[in-house]
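S.K.: Spelled out, the chains give:
2 protein chains.
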Amino acid sequence: MKQGLLVVVSGASGTGKGTVCSALLESLPDLAYSISATTRLPRDGEKDGVNYYFLSREEFREMIDEGGFLEWAEVYGNYYGTPLKKIQERLAEGQDILLEIDTQGALKVMEKCPEGVFIFLVPPSLEELERRIRGRGTETEESLARRLGAAREEIGIGRRYRYVVMNDKVDLAVERIRAVLMAERCRVERNTDIFEVLEK
Amino acid sequence: MKQGLLVVVSGASGTGKGTVCSALLESLPDLAYSISATTRLPRDGEKDGVNYYFLSREEFREMIDEGGFLEWAEVYGNYYGTPLKKIQERLAEGQDILLEIDTQGALKVMEKCPEGVFIFLVPPSLEELERRIRGRGTETEESLARRLGAAREEIGIGRRYRYVVMNDKVDLAVERIRAVLMAERCRVERNTDIFEVLEK
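Going down the list, the protein sequences come from chains P and C.
Heads up, the first sequence is in the working numbering, so the first residue is 1 and it goes up one at a time.
Heads up, the second sequence is in the working numbering, so the first residue is 1 and it goes up one at a time.
Note that these hints are calculated values from the structure, not bench results.
Careful: at least some of the hints might be erroneous.
Identical chains blur together in the list; that is why a pair holds if it fits in one copy or across any two.
SDA-like cross-link-like pairs, simulated, lysine to any residue; straight-line CA separation at most 25 Å [unchecked claim]:
1) Lys-112 x Gly-137
2) Lys-112 x Leu-126
3) Lys-169 x Asp-30
4) Lys-200 x Arg-160
5) Lys-200 x Glu-139
6) Lys-112 x Val-188
7) Lys-86 x Ala-73
8) Lys-200 x Asp-44
9) Lys-169 x Ala-37
10) Lys-200 x Pro-124
11) Lys-86 x Cys-113
12) Lys-169 x Tyr-80
13) Lys-17 x Glu-127
14) Lys-17 x Met-182
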């Protein structure tokens, strides 16, 4: 059984990461979304094991101590993490898994799973990024400037990924990511079985 | 102007390299076929600058001495080579170039142009390879055994390529190569310009 691909997609705030990942999952029924664990309370309609695994702080800390997370972080007093064991099991079954995580989480995953497929989404331009953040209509000029500054800093981390995908249009970004996955399946190091059979 | 991709496709004899490359060129009008130079005489209908650049042995040797070939070889007393300057010029203009060459030539190109996209075609199985070579109807049992042995040896060199593409069906092989090219265009090291603009 061939190992599945661990697909890691990140992008600075405002690059449309969520939209692209949703469209990607829809176009690739064989790609599974990795469900995160969190200590924050479920919002209306959120279900355990569907949107998140909802854990108590004690349970979460125990999992940290046991090395149970591929990566985890504390954000505004809540823990968020990617459960390791479930992902390993599914990859071993040949299941491709999508991780939609921030750049800090992705850097940790690069260390533990260098064979992952690391994709960084970028906006077509800074002007467009500003337009998209403005478009949400929830920002003051000050918070907008802060978010733009943070986004630009985050974009620099993208240089450490393997692929950079421009999100000029969602369907083009999805097409590029699909091509990346097909190409990665053709990498020689993922196909040593072919050579073993042909060289017999 | 972004550098074009140097796409190198090889495959053991009988893997259908020629058929796949023709179909690939047809499906990608922006991909240009690199014309080889040779000292062998033109066959009926072959035109200089279209099928080959036809050179005298003296001209060819002079080009070797001037470092004018990306790779060259002598086969049955005739020289064959890939002219370097033309390829460099076209790549610099952003033109993608397809080199359909044997494994020995490809190994030389890997040394000089590690940024090339190296794709190794394989047959779906040894049985299928044998069937295809037999299908040509031009082989004795002895030469068949020799060709199969040589093909299996050549397949081992494929481990040094970046991509292995199975030619189970021509259109599937072409689809995989197209995906590889799209993915390669997304590689971070080919897109440093994007980061320079966004980090400004």
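S.K.: First find the shortest C-alpha distance between Lys-86 and Ala-73 inside one copy, then the shortest across copies, and answer within, between, both or neither for a cut-off of 25 Å.
M.R.: within (18 Å within a copy, 53 Å between copies)
S.K.: Is it within, between, both, or neither for Lys-112 and Leu-126, if the alpha carbons may be no more than 25 Å apart?
M.R.: neither (32 Å within a copy, 37 Å between copies)
S.K.: Pop the pair Lys-200 and Glu-139 into one bin, within, between, both or neither, using alpha-carbon distances up to 25 Å.
M.R.: For Lys-200 and Glu-139, the Cα distance is within 25 Å only across copies (22 Å; inside one copy 63 Å).
S.K.: At 25 Å max between alpha carbons, let me know whether Lys-200 reaches Asp-44 within a copy, between copies, both or neither.
M.R.: neither (58 Å within a copy, 41 Å between copies)
S.K.: If the cutoff is 25 Å on CA atoms, where do Lys-17 and Glu-127 land: within, between, both or neither? Let me know, please.
M.R.: Only inside one copy: Lys-17 and Glu-127 sit 17 Å apart there, 46 Å across copies, limit 25 Å.
S.K.: One pair to classify: Lys-112 and Gly-137, alpha carbons no more than 25 Å apart. Within, between, both, or neither?
M.R.: This pair counts as neither: shortest intra-copy Cα distance 38 Å, inter-copy 53 Å.
S.K.: With 25 Å as the alpha-carbon cut-off, assign the pair Lys-86 and Cys-113 to within, between, both or neither.
M.R.: Within one copy only: 15 Å inside a chain, 41 Å across chains, cut-off 25 Å.
S.K.: Between the shortest in-copy and the shortest cross-copy C-alpha distance, which are at most 25 Å for Lys-169 and Tyr-80: within, between, both, or neither?
M.R.: neither (30 Å within a copy, 45 Å between copies)
S.K.: Go through the copies and call it for Lys-17 and Met-182: within, between, both or neither, with a Cα cutoff of 25 Å.
M.R.: both (20 Å within a copy, 20 Å between copies)
S.K.: With identical chains treated as interchangeable, where does the CA-CA distance between Lys-200 and Arg-160 reach 25 Å or less: within a copy, between copies, both, or neither?
M.R.: Between. Shortest inter-copy distance 18 Å satisfies the 25 Å Cα cut-off; intra-copy 38 Å does not.
S.K.: State whether the alpha carbon distance between Lys-169 and Asp-30 is at most 25 Å within one copy, between copies, both, or neither.
M.R.: both (23 Å within a copy, 22 Å between copies)
S.K.: One pair to classify: Lys-112 and Val-188, alpha carbons no more than 25 Å apart. Within, between, both, or neither?
M.R.: Both: 21 Å inside a copy, 20 Å across copies.
Hints 1, 2, 8, 9, 12, counting from the list given before, are not met by this structure.
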